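With these hints in hand, go ahead and build the complete structure from the sequences.
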Amino acid sequence: MLDLIVIGAGLTGLIAAHTAARAGKQVKIVTKGLGATHWHAGSIDVLGYYPNSATPVQRPLETVRDLTRARPQHPYAILDGTLSDALKNFVALAQELGLPYAGAANDGDNLWLPSPVGAARPTFLAPRAQLAGDLRRPEPMLIVGLRGMRDFYPELIAENLNKQGHRARAAFLPLDLITERHDSNTVHLASALDDPARRMKLAAELKKIFQPGERIGLPAILGLDAHAVALDDLQAQVGAPIFEIPTLPPSVPGVRLTNALRHRLRQLGVRVEINADVIGFHAEKDRVLWIESDASGRPLKHRAEKFLLATGGILGGGINSDHTGKVWEVVFNLPLTTPHDRGEWFRARFFDPAGHPIFRAGVPVNREFQPVDANGGRVYENIWAAGNILAHTDPILERSLEGIAIATGMATARSACNLKP
Amino acid sequence: MHTASWHSVGMTLDECIKCNVCTTYCPVAAVTDKFPGPKYVGPQAQRFRECGQIKSPDISVDYCSACRVCNEVCPSGVKIAEINARAKAQIVADRGIPIRNWFFGRNEQLGRIGSIAPQIANLGFHNPFSRLMAEKIMGVARHAPIPHWSTEGSFRKWFFRTPRLKSDKKVVYFHGCSTNYYEPQVGKAAVAVLEHLGYEVIVPPQNCCGLPMLNNGEFRAGEKLYRDNLAKLLPYADKGLPIVGTSVSCVLVLREEASEMLDIENDQTRRFRSALWDMSEWLRDLLDQGKLDTNFRELKMIVPYHVSCQARAHRMGRPSLDVMTLIPGLDVREGNAKCCGLAGTYGYKAEKYDIAMEIGEEAFRFIRAQGDDVKFTTSDSEICRWQLEHGTHKDCRAPIEIFAAAYGLYDLDRRRLLVER
Ligand code: SF4
Ligand code: SF4
Ligand code: SF4
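First to last, the protein sequences are chains R and B.
Once you know that position 140 of the first sequence is 140 in our numbering, the rest is easy, because the numbers rise by one and skip nothing.
Once you know that position 316 of the second sequence is 316 in our numbering, the rest is easy, because the numbers rise by one and skip nothing.
Be aware that one or more of the hints could be misleading.
Stated by the list, open to error - Quick list of in silico lysine-lysine cross-link-like pairs, DSS-like style, CA-CA up to 27 Å:
| # | chain 1 | residue 1 | chain 2 | residue 2 |
| --- | --- | --- | --- | --- |
| 1 | B | Lys300 | B | Lys394 |
| 2 | R | Lys326 | B | Lys18 |
| 3 | B | Lys291 | B | Lys375 |
| 4 | B | Lys166 | B | Lys239 |
| 5 | R | Lys201 | B | Lys34 |
| 6 | B | Lys157 | B | Lys34 |
| 7 | B | Lys157 | B | Lys169 |
| 8 | B | Lys239 | B | Lys224 |
| 9 | B | Lys239 | B | Lys291 |
| 10 | B | Lys170 | B | Lys157 |
| 11 | R | Lys301 | B | Lys338 |
| 12 | B | Lys224 | B | Lys169 |
| 13 | R | Lys88 | R | Lys420 |
| 14 | B | Lys239 | B | Lys157 |
| 15 | B | Lys300 | R | Lys301 |
| 16 | B | Lys375 | B | Lys300 |
| 17 | R | Lys301 | B | Lys239 |
| 18 | B | Lys18 | B | Lys34 |
| 19 | R | Lys301 | B | Lys291 |
| 20 | B | Lys375 | B | Lys34 |
| 21 | R | Lys301 | B | Lys170 |
Claimed, not checked - Distance ranges between label pairs, derived from CB positions:
| # | chain 1 | residue 1 | chain 2 | residue 2 | range |
| --- | --- | --- | --- | --- | --- |
| 22 | R | Lys207 | B | Lys375 | 47 to 55 Å |
| 23 | R | Asn366 | B | Pro328 | 27 to 35 Å |
| 24 | R | Arg65 | B | Ser274 | 32 to 40 Å |
| 25 | R | Gln26 | B | Pro328 | 34 to 42 Å |
Derived from the structure by calculation, the hints contain no laboratory data.
Just so we're clear, the structure is a prediction, and the values are computed from it rather than from any experiment.
C-beta: ideal position from N, C-alpha, C; glycine also.
Shown next as structure tokens:
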């Protein structure tokens with residue numbers, strides 16, 4: 001019998017499974033598909049904006065302390081001070097996996113990195129390849145695109161950066177420097193740059209167009225499996241700091257992180273059951289005995305001692321809704337915090353700083369991250385919930401998605417498996 | 001709660017969130033420009049195919065190998081491969097079917113004709129000149145691993161020639177055309193295992209499952225085969241007998257693919273579906289009930305296991321692996337490759353042979369990486385077995401042959417039963 005089944009293979013699920021498996025537990029992941037990590041910028045947001053405030057957060061860990069005092073139901077408050085240790089554990093894990101992460105030079109500050117359209121986005125930790133893009137650094141930027149590559153427009157990025165007072169200019173190189181193919185997505189391009197010969201060609205051209213003192217921003221395609229080598233190699237050959245700007249999905253920094261985590265999970269003997277859409281479960285009294293996933297012949301039963309729900313919120317598919325205003329949690333039909341009236345789901349303005357109430361819909365939990373009902377009573381004795389499905393937060397708006405994913409993923413796996421922090 | 005399987009295929013395209021995860025994992029898009037990827041030919045192009053329009057807007061969908069990797073990874077449950085299959089059928093309806101694909105659809109007839117005089121048929125077909133002519137005239141790839149007709153006679157001939165065990169416990173066996181004409185050893189191993197477990201094996205009249213026709217867009221002909229099988233086998237299902245198959249692809253077609261693609265879900269198809277089992281899945285079910293004889297003898301060897309795309313499409317977990325891990329001494333190593341490349345009849349087509357071999361490289365590389373003393377590999381699909389043997393020059397055995405060997409009934413080297421009844 002398995003100790004733990006994690007439902008969902010986003011960052012939360014992968015981290016939770018890793019935490020339990022590393023401690024020697026028998027773990028399996030059951031997931032409908034591969035998801036959120038593929039449109040993930042690769043960076044770790046902890047807190048970019050305080051709820052309902054348009055002012056960006058300078059020092060997230062300090063502001064989180066205010067947040068937990070003001071909102072005792074927020075997942076960060078339930079974590080009870082374990083957030084910064086969780087982040088340290090993540091940095092150590094990423095280092096082991098060969099994908100080093102770091103934060104701002106002034107320890108504890110948010111980084112400011114350019115988005116795929118040249119907006120500034122606050123984030124706490126970034127893959128090494130994104131660090132030189134920090135907008136608080138003074139060097140001017142050369143943003144280089146590849147003509148023919150989809151969804152990456154250096155002029156747009158440079159223009160938007162200029163508008164915000166950052167010096168940047170744009171340049172194009174031909175796509176056939178790195179691929180013979182006419183139509184490639186970012187993952188194919190990244191894997192083409194695993195090849196040293198192609199990198200050499202790219203480096204030679206970059207050398208011709210960059211001016212001394214500039215740093216170079218490229219789409220995040222600098223290698224897939226050989227990323228670390230690819231980055232060092234390019235910087236050395238060009239002789240300038242190079243940074244990656246994450247792209248529209250598929251986002252390679254997110255794919256690298258997913259691949260690395262899945263590889264580690266395989267080494268730890270964790271099976272990832274993909275295309276397993278959970279369609280039912282069986283409970284006796286308040287104990288879940290198994291879950292069932294859809295299959296070609298008959299539902300497939302998955303038994304375990306404990307279950308950890310990491311299916312994501314409305315956007316991740318862990319919560320569904322219909323036109324009548326019904327909103328439900330898709331696996332265990334757990335109680336949710338939801339606006340009562342469908343008319344209250346959205347505010348009038350798309351970018352309203354207060355966000356849309358529907359995105360706060362989530363699973364309320366107790367101090368152990370176990371789902372509770374409206375009276376605060378635990379629903380099942382062997383279920384935990386983590387990540388974006390948790391109530392009382394809007395992680396997209398707060399820019400707290402990965403912080404919550406990592407810290408609650410680790411905390412719930414520990415709580416479920418009785419592990420010491 | 002939702003039952004994804006019965007979800008109308010067309011409806012699922014509205015669930016597409018354009019995340020490109022499918023394009024990232026599609027093995028064909030990864031290696032050729034001729035195929036823009038699942039998102040584009042699937043949910044996107046489908047918008048232009050609706051409304052009873054006859055001409056398909058694109059023909060690149062013909063390069064889809066039907067491996068279903070896209071379905072597997074899609075986080076939104078879009079039935080991309082089925083959308084593509086229907087689009088291919090539309091092209092066939094519009095333009096007619098190439099003669100070659102017509103032949104591929106008639107695997108069963110070819111099997112029957114060739115097995116009248118297999119030595120002559122093998123000689124006639126499997127010589128460099130005929131293969132060259134077949135490529136020039138019909139576009140059948142010259143080097144592709146087209147199977148040889150079995151020279152020991154068909155499976156059915158053997159089955160009805162030899163005395164069989166009688167028992168109260170009965171199982172119906174679906175062998176499929178490949179086992180009957182090309183790999184009768186697989187059927188013999190299956191019968192030996194079932195009888196060893198005390199079951200009387202019933203082999204009713206049956207015909208080709210229809211997979212090659214469905215894959216080549218010949219829906220009408222495929223439907224006829226499906227309905228014939230339904231008529232022949234449903235009476236057994238209604239008597240409560242399990243119908244067990246050793247070819248994962250046939251079982252998949254009978255259980256789900258045909259009725260779903262052809263839109264003929266009804267009470268009969270559902271009764272049929274719930275009686276059908278993949279052999280390993282059925283053995284695993286016995287195991288779960290504590291009824292499987294696990295008295296296996298030691299098989300000391302490393303066996304790389306390629307999970308065929310059709311086995312994955314069942315969404316039934318890894319039953320072959322679950323049972324193989326019970327065999328003492330056997331070191332089964334699950335590969336990670338998405339597809340062997342052959343995908344039904346795909347890699348047999350001259351214009352697609354190179355693509356198929358490039359796709360297969362991931363699987364071949366995995367097998368080579370397991371060391372030189374690997375003698376056998378294993379995979380649930382005959383198609384995969386032929387392709388893996390072609391790509392690695394190592395013998396590939398069906399899991400059921402390995403089980404039979406572990407029960408002491410079968411010689412894996414010489415591919416024959418140790419004891420004939
Ligand atoms: S993976 Fe699914 S949701 Fe994403 S683009 Fe493909 S079909 Fe659409
Ligand atoms: S079925 Fe396979 S080849 Fe066809 S689109 Fe999907 S992943 Fe690509
Ligand atoms: S042969 Fe296999 S893995 Fe391969 S294409 Fe097949 S079914 Fe897919």
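Here is how each hint holds up against the structure:
Note on B/Lys300 and B/Lys394: the hinted pairing holds, with a Cα-Cα distance of about 17 Å set against a maximum of 27 Å. Note on R/Lys326 and B/Lys18: the hinted pairing holds, with a Cα-Cα distance of about 25 Å set against a maximum of 27 Å. Straight-line distance between C-alpha atoms of B/Lys291 and B/Lys375 comes to about 31 Å, which puts the hinted pair past the 27 Å bound. A C-alpha spacing of about 17 Å is found between B/Lys166 and B/Lys239, which places the hinted pair at or below 27 Å, so the restraint holds.
Among the hinted pairs, R/Lys201 with B/Lys34 is consistent with the structure: their alpha-carbon atoms are about 26 Å apart, no more than 27 Å. Distance restraint check for B/Lys157 and B/Lys34: the Cα-Cα separation of roughly 44 Å exceeds the 27 Å cut-off, and the hinted pair is therefore not satisfied. Proposed proximity of B/Lys157 and B/Lys169 is supported: the alpha carbons are some 23 Å apart, at most 27 Å. Distance hint between B/Lys239 and B/Lys224 is fulfilled; the C-alpha atoms sit about 24 Å from each other, no more than 27 Å.
Between the alpha carbons of B/Lys239 and B/Lys291 the distance comes to roughly 21 Å, so the proposed pair stays at or under 27 Å and holds. A threshold of 27 Å between alpha carbons decides the hint, and for B/Lys170 with B/Lys157 the separation of about 20 Å falls inside it, so the pair holds. Our distance criterion of 27 Å between C-alpha atoms is met by R/Lys301 and B/Lys338, whose separation comes to about 24 Å. As the CA atoms of B/Lys224 and B/Lys169 are separated by approximately 32 Å, the hinted pair breaks the 27 Å bound.
Under the criterion of a C-alpha separation no larger than 27 Å, the hint pairing R/Lys88 with R/Lys420 is consistent with the structure, at around 16 Å. Restraint check: the Cα-Cα separation between B/Lys239 and B/Lys157 comes to about 26 Å, which is no more than 27 Å; the hinted pair holds. Straight-line distance between C-alpha atoms of B/Lys300 and R/Lys301 comes to about 31 Å, which puts the hinted pair past the 27 Å bound. Our distance criterion of 27 Å between C-alpha atoms is met by B/Lys375 and B/Lys300, whose separation comes to about 11 Å.
For the given pair, R/Lys301 sits about 25 Å from B/Lys239 by alpha-carbon distance, which is consistent with the 27 Å threshold. Between the alpha carbons of B/Lys18 and B/Lys34 the distance comes to roughly 20 Å, so the proposed pair stays at or under 27 Å and holds. Simply put, R/Lys301 and B/Lys291 have alpha-carbon atoms about 18 Å apart, close enough for the 27 Å limit, and the pair holds. Taking the CA atoms of B/Lys375 and B/Lys34, the gap is about 36 Å. The hint is violated against a cut of 27 Å.
At roughly 25 Å between alpha-carbon atoms, R/Lys301 and B/Lys170 fall within 27 Å of each other, so this suggested pair holds. Between R/Lys207 and B/Lys375 the Cβ separation comes to about 52 Å, which falls inside the hinted range of 47 to 55 Å. Checked against the hint of 27 to 35 Å, the C-beta distance between R/Asn366 and B/Pro328 comes to roughly 46 Å, which is inconsistent with it. Between R/Arg65 and B/Ser274 the CB atoms are about 56 Å apart, so this pair departs from the stated range of 32 to 40 Å.
The hinted range of 34 to 42 Å is not satisfied by R/Gln26 and B/Pro328, whose Cβ atoms lie roughly 20 Å apart.
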